[in-house]
Amino acid sequence: MSSAGRGIFLTEILDNRALYPDTHVISIKRPAGFPDTEPGGFISIRAVENTTPLLLRPFSIMWQDDEHIEILVKVVGPGSEALSKKRTKEPVKILGPLGGRTFPAPSQRPVILIAGGTGIAPIAYAIKKWSAAGVSNAVLIYGAASSVGIARDILDEVVIESHYATLDGSLGFEGDAVELFKSLALDNSLPEGDIYSCGPRGMVRALCDAVAGLGGMYKGRFAHHYTSLEAVMACGLGACRGCTVPLKGDGESALKTVCSDGPVFDAEEIDWEGWTW
Amino acid sequence: MSSAGRGIFLTEILDNRALYPDTHVISIKRPAGFPDTEPGGFISIRAVENTTPLLLRPFSIMWQDDEHIEILVKVVGPGSEALSKKRTKEPVKILGPLGGRTFPAPSQRPVILIAGGTGIAPIAYAIKKWSAAGVSNAVLIYGAASSVGIARDILDEVVIESHYATLDGSLGFEGDAVELFKSLALDNSLPEGDIYSCGPRGMVRALCDAVAGLGGMYKGRFAHHYTSLEAVMACGLGACRGCTVPLKGDGESALKTVCSDGPVFDAEEIDWEGWTW
Amino acid sequence: MGGMDLVSGRGVEVTIGSAVFKNPVFLASGPAGYGLEYETVIDLAVLGGVVAKTITYKPLVGNRGARLRETPSGLLNSIGLENVGCEAFLSEKLPAMVERGMRPIVSIGAEGWEDYERLLERLSGTEGFDAVEINLSCPNVDIGGMAVGRDPELVEKYVRRASEVLGGKCILAKLTPNVEDIVPLALSAEGAGADGIVAVNTIVGMDIDVRNRKLVFDRVTAGLSGPAILPVALAAVWKIARSVEIPVVGVGGISSVDDALKFFMAGAAAVEVGTAIFYDPELPVRIIERLEKDGIPERLSG
Amino acid sequence: MGGMDLVSGRGVEVTIGSAVFKNPVFLASGPAGYGLEYETVIDLAVLGGVVAKTITYKPLVGNRGARLRETPSGLLNSIGLENVGCEAFLSEKLPAMVERGMRPIVSIGAEGWEDYERLLERLSGTEGFDAVEINLSCPNVDIGGMAVGRDPELVEKYVRRASEVLGGKCILAKLTPNVEDIVPLALSAEGAGADGIVAVNTIVGMDIDVRNRKLVFDRVTAGLSGPAILPVALAAVWKIARSVEIPVVGVGGISSVDDALKFFMAGAAAVEVGTAIFYDPELPVRIIERLEKDGIPERLSG
Ligand SMILES: Cc1cc2nc3c(=O)[nH]c(=O)nc-3n(C[C@H](O)[C@H](O)[C@H](O)COP(=O)(O)OP(=O)(O)OC[C@H]3O[C@@H](n4cnc5c(N)ncnc54)[C@H](O)[C@@H]3O)c2cc1C
Ligand SMILES: Cc1cc2nc3c(=O)[nH]c(=O)nc-3n(C[C@H](O)[C@H](O)[C@H](O)COP(=O)(O)OP(=O)(O)OC[C@H]3O[C@@H](n4cnc5c(N)ncnc54)[C@H](O)[C@@H]3O)c2cc1C
Ligand SMILES: Cc1cc2nc3c(=O)[nH]c(=O)nc-3n(C[C@H](O)[C@H](O)[C@H](O)COP(=O)(O)O)c2cc1C
Ligand SMILES: Cc1cc2nc3c(=O)[nH]c(=O)nc-3n(C[C@H](O)[C@H](O)[C@H](O)COP(=O)(O)O)c2cc1C
Ligand code: FES
Ligand code: FES
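Residue numbers (our numbering), protein chains in the order written: chain A, 4 to 280; chain B, 4 to 280; chain C, 1369 to 1670; chain D, 1369 to 1670.
Hints are computed from structural coordinates only; laboratory data are not their basis. Careful, some of the hints might be misleading.
To be verified - Simulated restraints on C-beta separations:
(1) D/1492 - A/222: 40 to 48 Å
(2) C/1496 - B/255: 27 to 35 Å
(3) C/1536 - A/24: 55 to 63 Å
(4) A/24 - B/148: 41 to 49 Å
(5) D/1466 - B/148: 29 to 37 Å
Note that the structure is predicted; figures quoted are calculated from it, not measured. Positions of the beta carbon are idealized from the N, C-alpha and C atoms, including for glycine.
Based on the provided sequences and hints, a complete structural model is requested.
Set out below in structure tokens:
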């Protein structure tokens, strides 16, 4: 994603609805001049006027059209909590669009989209955007703690093959998204294609292990695995060098910034072992 | 006022109405065990959950009955702004009742109550409480920037002789409360009695000067002048020694704490000249 | 590191020198005065200790001018050691503290050496307390205070004298963070017989009233406390705890139960709550409850 | 003191040594990288100067482990001077900065004396910049940085060498507040030929991840910046401005226009905005607008 048109924008909240008690869909007025984005792109938001918390909070773009930018906000701390309380018409400052590398648009190969929890945000954007662009050979695997956490309605009318996993078994497969992926792969129910994932770090790492662990006829079936990562960020622009992720290197792993070298990375390149922070 | 029963209480907002855009009447549920108070008593409120602003904010009690504690909040900075946004049912922590010396209850002598701006809060409490207790020989002089700032309705049904001053002349006397006081005194329209005042420091100081400047037959007419002061406070309890006011002394003025030696002081004892902070 | 291991089932008593405190949560010297002022607000008897406002030999009136100023997540104060003096303290405040079930820790300061000796003399043989905190670190007075606390030799001299005169009592030395390296000061205090190190006092800062174009404080600078300084205090405690053998008492910016746990993990044997008492008087009690429930967190290795 | 006298009608140009800056508002070294990253976000050409990320002779990869941690009104960072090295800086970053209308101030650091000499050598005679800021104060590296900046003799040595080798350019010395008294360091720098003093860099602090029972930073401590440290930075600037003849550049916690004005009143000739660029990128421009409207506030007497 190019940085052209990137900026700090004063805009306003259009709508804020609680999807479930701790997760909100916030619709922000797309400011004039705010560029088009690709799935994996994100914005940073100033959640409060004062200095606690100090930094902007990054959120993946879940949908964007001429008038709206939509994000999914899970309340995990003071910043997300302040955001979850914002009301329609409240002014808000956003920095964006951010991200140096987003999810590549799928070519002919099928895509297997795997989301855990709020990781659904950029994945939902991908599904909606690409469905609209005619991509049809996509499969969604979406895991959450319980059926309450499976936000099916944010996918609206989009119909793609979808598989749900819940830890409590309240919807779909009982277990997590990675277990579901494995079971589908071993069932031969997944097409040969590329994986696009977003979710907690543990999930993405387990997914890498799962893909690597697939032997026999499944080996090499999933050529690419793109994943959108998270890290604590300050600038969001590649300036401060604060949001590092280690990629496998020759000797010591190389440090890249999640905000500007990512947030989308080749999952196989990540030095999971060395990523101790 | 004794400190018996003083404590930190978790209670809730019962009502918050904007008297005018920047001044709110906030009604707080009187917590179980919260003692009775006298006019001049105050509470300190935690306006935010986080640490900006850090300290509790002190507000005079404007009314108190079995169920309510009412305060008048003028928005002047982050703490009062946060308070002004609190909604019914929101939880709130208050420390109180605070104040070591409150307005003495009037005996037989008439009282002349003089309020400027939000200084009306403890004065209104005095009027309502004492009216209910049968005190009738009271006169109110109340000044504000404009008629909008004269909150007549907070005095409800209470009828005492009232004189209003507005800087823009939109209601009553054109000028400030002290000028109105002077003009009434020179007109011989004020009874011989004690003055109870609360308002900006400049107003109270000017009032002291005005009283002292009254010569001839007016001299000594107002035997006492009690005034409720403000200062930046941390503990509100006399512990930290942070909220000093200098009182005239033999040599160097003596430093007293507004929170526990006051907030009500004998106005004539204040070392206005030495109070440079 | 790694792993959750808070629950150790141990009691929460802490021993510093000759003194045993029933738990390691104290009120810091200053914000809460002599504790008495908070009497009806919190249950002071449940606290491990209450460090009284620093006393000097004679009463001090403290500084003129503004004494308090909020900063982002912080508080600047310039109280200037206003206190009732040792006579009134010993005859009025201390007995009242004891009577109300508080465990007093007597904080002592001085305007110079002679003053200090007189104060120690007056305290020696006095009953009602078994722990003393030497305030070697007040930034808001001209004589004594931080000026002494920055010089390892003076720290040594002051602490040694207290150990000699008050032999048998628990002697804590409270240090200033306004130095290049706090460790040599801690080592000096330890070498001179301190039973524990208290770190830290406030950090030198200042503010300006832009609208009125004037200095906020008559003495220009003041002492910064509150959450803003927690990272600095924590680093000081971490370093000292790795340099001395005696217990370290952590103070500076503690504003939540988690903040207190950080200090224990950094190596503190006890903590003091200062500024937070202003906006969350119940915090010390919540910390104690947590410690009693989960045990005192072990210090991190490293 | 007293009275409102901001409106002086003067221009906002500021001269430091041989360099004239069109206004006294700079971006501080580090948070904004080489300025380029903020290109589309703010109009960098209106700034008085952009202090680039500190460069060393060779590229540095910086620290492993977490690099950022929020604290109340503050930010701890442990970037560890990650930078592209002087070659890439001179061939790519600097020309790009100039091309985009920025007024670059080159921040230099070194891992030891030899490294420093090589860097100065490489910079000498190079075009494209006329001001240098010597980073004598990074707390996040083992060699060079703060270790040098705490020692008046080393400060003198480093600054003198820069003045010799880069003669003609404006030399700024950036100091650390992690000392007992910052004034002797400022005097050393002044004596060695610095044209201006920049105060302050970050304050040493640390944090602990309570839930996971582990240190946040691999190097244990990190550098604290942001509004939390403003009172400390302001006091440093106040003191330095009353001790040296050369201009002082104030940095530390500036988070509003009023904050910037405080530094001018304390005696700063210019200010730098660091951490605030993260959450309020437009702040430097708002400060400039205010200064252009009302003039640069005069320093307070005292
Ligand atoms: C590129 C990117 C996209 C993201 N997209 C989404 C999204 O679509 N929906 C969503 O709910 N969340 C998303 N996040 C995470 C979101 O930014 C954090 O949950 C939020 O910043 C936490 O702020 P807080 O003040 O509420 O909690 P804090 O108290 O700051 O933190 C709570 C927890 O979140 C972690 N955290 C703190 N700051 C960050 C940060 N800047 N980035 C990541 N984790 C952090 C902390 O380590 C802590 O464990 C995204 C993060 C990144 C980097
Ligand atoms: C005993 C007492 C009774 C009070 N009663 C009332 C009342 O009935 N109604 C009302 O609107 N206000 C009252 N005040 C003033 C009120 O406490 C302040 O307006 C409030 O604390 C400001 O907080 P802030 O964060 O909104 O503004 P800040 O930004 O903190 O301050 C704005 C202005 O208020 C002054 N101020 C700041 N803190 C205090 C403080 N603790 N005490 C006094 N002034 C301060 C500052 O000097 C500044 O000029 C009273 C103050 C005291 C001490
Ligand atoms: C208003 C105030 C008064 C203080 N007075 C003293 C004092 O008399 N003696 C002392 O050793 N420390 C004094 N301190 C410092 C505190 O004990 C404590 O070391 C410091 O504030 C840092 O802790 P905190 O951030 O929890 O407040 C005072 C602090 C404040 C805020
Ligand atoms: C992420 C980050 C990186 C920094 N890198 C540098 C640096 O490379 N060189 C330097 O001199 N100062 C560096 N600093 C310090 C700042 O320039 C500044 O002195 C300090 O942050 C205080 O100012 P502030 O509170 O406005 O940020 C850095 C600060 C931060 C937050
Ligand atoms: S957040 Fe600054 S480089 Fe990524
Ligand atoms: S506010 Fe602490 S003594 Fe008054």
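Structure-based check of all given hints:
1. D/1492 - A/222: 40 to 48 Å: Violated, at about 59 Å.
2. C/1496 - B/255: 27 to 35 Å: Since the Cβ atoms of residue 1496 of chain C and residue 255 of chain B sit about 33 Å apart, the hinted range of 27 to 35 Å holds.
3. C/1536 - A/24: 55 to 63 Å: 59 Å, holds
4. A/24 - B/148: 41 to 49 Å: 45 Å, holds
5. D/1466 - B/148: 29 to 37 Å: 54 Å, violated
The structure shown violates the earlier hints numbered 1, 5.
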